[in-house]
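> This is what each chain is made of:
Protein chains: 2
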Amino acid sequence: MELKEIMKLRRAVNFFDPTQNVTDEELKQILETATLVPSSMNFQPWQVIVVREPEAKERLMKAAMNQTKIVEAPVTLIVLADKDGWRAGHPTVEKVWENLLTLGYMTDKQRSWFEKGPEKLYGGPEKSLAFAVKNAAFFAMAIMLAAKDLGIDSHPMDGFDHEAVREAFNIPENFFVPVLIALGHFDKSKTLMPPKWRKSWNEIVWQYI
Amino acid sequence: MELKEIMKLRRAVNFFDPTQNVTDEELKQILETATLVPSSMNFQPWQVIVVREPEAKERLMKAAMNQTKIVEAPVTLIVLADKDGWRAGHPTVEKVWENLLTLGYMTDKQRSWFEKGPEKLYGGPEKSLAFAVKNAAFFAMAIMLAAKDLGIDSHPMDGFDHEAVREAFNIPENFFVPVLIALGHFDKSKTLMPPKWRKSWNEIVWQYI
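Residue numbers (this note's numbering), protein chains in the order written: chain P, 1 to 209; chain V, 1 to 209.
Treat the hints as calculated values from the structure; they're not laboratory data. Careful: at least some of the hints might be erroneous.
As the list claims (entries may be wrong) - Far from chain P by the CB rule (all over 12 Å, computed), these chain V residues:
| no. | residue |
| --- | --- |
| 1 | 15 |
| 2 | 17 |
| 3 | 18 |
| 4 | 87 |
| 5 | 88 |
| 6 | 109 |
Stated by the list, open to error - Straight-line C-alpha distance at most 27 Å; calculated BS3-like pairs for lysine-lysine:
| no. | chain 1 | residue 1 | chain 2 | residue 2 |
| --- | --- | --- | --- | --- |
| 7 | V | 4 | P | 4 |
| 8 | P | 127 | V | 196 |
| 9 | V | 196 | P | 120 |
| 10 | P | 196 | V | 109 |
| 11 | V | 127 | P | 196 |
| 12 | P | 95 | V | 199 |
| 13 | P | 57 | V | 199 |
| 14 | V | 69 | P | 109 |
| 15 | P | 109 | V | 190 |
| 16 | V | 127 | P | 120 |
| 17 | V | 127 | P | 57 |
| 18 | V | 8 | P | 28 |
| 19 | P | 199 | V | 28 |
Unchecked claim - Here's a subset of chain V near chain P, in silico, CB distances under 7 Å, partners left out:
| no. | residue |
| --- | --- |
| 20 | 3 |
| 21 | 36 |
| 22 | 48 |
Keep in mind the model is a prediction, meaning the values are calculated, not measured. By construction, the Cβ of each residue, glycine as well, lies at the ideal position given by its N, Cα and C atoms.
Using the sequences provided together with the hints, build the complete structure.
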């Protein structure tokens with residue numbers, strides 16, 4: 001589908017048809033497309049927990065202000081943003097360096113110079129959180145668009161208790177959960193509310209120089 | 001253009017052709033498309049500084065590790081993520097409540113209940129930063145895709161000194177700058193490097209339940 005069409009059609013859907021599935025094949029396509037987004041130094045500090053089982057959905061719903069869309073949607077993704085995803089020794093980070101060497105983005109001699117960057121740019125609690133959340137949000141945004149491209153609706157949620165979600169799914173401290181994404185098909189027996197207001201150019205552009 | 005095509009063609013371009021412009025008309029189209037992304041409670045805590053003037057580009061480049069693409073690209077956006085963008089009294093927040101009333105998302109009686117949410121969900125330094133960065137990143141991601149849809153290349157950067165950028169453009173403390181986005185056209189006299197490695201399903205899915 002055309003990007004502009006997807007951008008207009010994508011709506012945060014509150015009611016999912018529990019009889020319509022999202023298959024693993026579809027989910028794979030969605031994640032494969034989404035993972036093409038850029039990330040800081042290509043570190044891709046994102047992972048997901050795929051929540052499908054009724055028991056797991058109940059557990060997640062309880063930690064998320066009892067939002068029933070979690071049990072109605074066939075699948076909800078818990079998006080994980082890795083605050084350690086820039087550290088030396090992290091398996092993805094090491095893989096990125098190897099890939100940059102192989103592709104010729106850097107030489108062996110430049111490696112130690114490259115390796116100094118992340119600590120400077122993403123070290124410290126504020127910067128590592130921003131690093132993780134920003135990149136995981138790029139990925140999450142693309143998930144919602146790639147889903148709509150397959151005719152699959154979504155609902156991004158941040159109305160949840162972070163500690164309760166962490167506990168319910170044994171999520172380690174290095175991960176921050178920026179968003180849950182319910183995926184499914186809009187329940188057509190319900191009415192979709194009209195689109196909400198959006199900022200105009202003048203409200204977006206803070207300074208033009 | 002088709003979303004999948006855009007996702008594949010969008011590359012972080014290092015060399016921009018300084019003779020090819022991005023017009024304000026194009027920039028308006030890009031921001032108008034991008035602002036359709038979802039945000040927490042529709043608060044849209046994003047703004048941009050549009051950097052076009054040679055002097056302003058130089059100033060930005062100096063705060064961003066002297067990355068020459070900033071002066072070569074016709075325009076660079078400084079993306080601002082508003083950490084206060086959920087607070088009662090914020091003009092956008094008040095506009096959102098009015099809009100929800102008008103469209104029937106909430107009644108007058110529910111308003112005080114709605115108004116209690118943001119403080120609980122986004123209050124405190126960690127949560128307000130994550131709120132701002134996540135939503136601004138949704139917007140930034142869509143900017144890069146909407147640009148490519150118009151044949152415009154981009155480069156997201158976080159290799160910059162946050163305090164230096166803040167100082168150079170008088171950015172108040174409520175804003176965090178998650179990313180700079182250079183926009184322009186790839187300099188075809190240069191060679192585009194091959195696409196970098198991306199995580200596979202197994203590396204993305206942390207838990208499947």
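> Please go over all the hints and tell whether each is borne out by the structure.
Status of the hints after comparison with the structure:
| no. | hint | verdict |
| --- | --- | --- |
| 1 | 15 | 14 Å, holds |
| 2 | 17 | 20 Å, holds |
| 3 | 18 | 18 Å, holds |
| 4 | 87 | 16 Å, holds |
| 5 | 88 | 18 Å, holds |
| 6 | 109 | 18 Å, holds |
| 7 | V/4 to P/4 | 13 Å, holds |
| 8 | P/127 to V/196 | 24 Å, holds |
| 9 | V/196 to P/120 | 23 Å, holds |
| 10 | P/196 to V/109 | 20 Å, holds |
| 11 | V/127 to P/196 | 24 Å, holds |
| 12 | P/95 to V/199 | 10 Å, holds |
| 13 | P/57 to V/199 | 26 Å, holds |
| 14 | V/69 to P/109 | 24 Å, holds |
| 15 | P/109 to V/190 | 23 Å, holds |
| 16 | V/127 to P/120 | 23 Å, holds |
| 17 | V/127 to P/57 | 24 Å, holds |
| 18 | V/8 to P/28 | 16 Å, holds |
| 19 | P/199 to V/28 | 12 Å, holds |
| 20 | 3 | 5 Å, holds |
| 21 | 36 | 5 Å, holds |
| 22 | 48 | 6 Å, holds |
In this structure, none of the earlier numbered hints is contradicted; all agree with it.
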